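The whole structure should be built from the sequences, with the hints applied where relevant.
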Amino acid sequence: MSIRLGAMTAFDLTPEHARQVLAGSTAEPQLVRRSLLLLTGAAEYKLIGICAETVDEAVQALRGYLIFFGYPEPSLDFASFDQPGVYLKFNPMTGTCYVSPYEGHERGVIVSCFSPQGGATNDTYAHLPLDLFDEQLH
Numbered sequence: 036m037s038i039r040l041g042a043m044t045a046f047d048l049t050p051e052h053a054r055q056v057l058a059g060s061t062a063e064p065q066l067v068r069r070s071l072l073l074l075t076g077a078a079e080y081k082l083i084g085i086c087a088e089t090v091d092e093a094v095q096a097l098r099g100y101l102i103f104f105g106y107p108e109p110s111l112d113f114a115s116f117d118q119p120g121v122y123l124k125f126n127p128m129t130g131t132c133y134v135s136p137y138e139g140h141e142r143g144v145i146v147s148c149f150s151p152q153g154g155a156t157n158d159t160y161a162h163l164p165l166d167l168f169d170e171q172l173h
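Residue numbering for the sequence shown follows my numbering, starting at 36 and increasing by one per position.
Derived from the structure by calculation, the hints contain no laboratory data.
Owing to the predicted nature of the structure, the values given are computational and were not obtained by experimental measurement.
Backbone N, C-alpha and C define an ideal beta-carbon position, used for all residues, glycine too.
Treat the hints with caution; some may be incorrect.
Per label pair, the in silico range of CB-to-CB distance [stated by the list, open to error]:
(1) Ser-135 to Thr-159: 14 to 24 Å
(2) Pro-50 to Ser-115: 34 to 44 Å
(3) Pro-151 to Gly-105: 15 to 25 Å
(4) Glu-88 to Asp-112: 12 to 22 Å
Structure representation (structure tokens):
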């Protein structure tokens with residue numbers, strides 16, 4: 036069964052369609068953002084992991100996702116880390132953020148949703164675009 040995602044409106048978007056959008060890499064950014072909101076909105080919290088080429092690229096991506104999810108920005112002072120290939124992880128429960136070397140080839144954002152109090156939202160979505168929120172940051 037083929038689904039035409041490009042013609043969808045916000046009212047047409049179902050969880051099944053949203054999962055297809057996030058699994059693909061060709062959807063319009065607005066549709067990706069709506070899909071992400073639909074699928075992650077009920078989670079009690081979300082861990083954000085970022086695989087990027089540089090710390091600056093990872094921090095730029097994190098800022099957009101933090102704003103989107105309504106999380107405050109933690110300290111992002113990683114000036115001394117200048118190794119190419121980084122993994123940045125943000126935990127909203129502790130407010131901590133750290134960066135470590137990453138030798139993999141994948142680039143993108145990983146959002147892991149948790150609802151430990153018995154909610155149904157416990158999913159992971161990856162590799163979301165690093166630049167998904169760039170237009171809103173400028």
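Hints, verified against the model:
no.	hint	in the structure
1	Ser-135 to Thr-159: 14 to 24 Å	holds (19 Å)
2	Pro-50 to Ser-115: 34 to 44 Å	holds (42 Å)
3	Pro-151 to Gly-105: 15 to 25 Å	holds (19 Å)
4	Glu-88 to Asp-112: 12 to 22 Å	holds (19 Å)
Hint violations for this structure: none, all hints satisfied.
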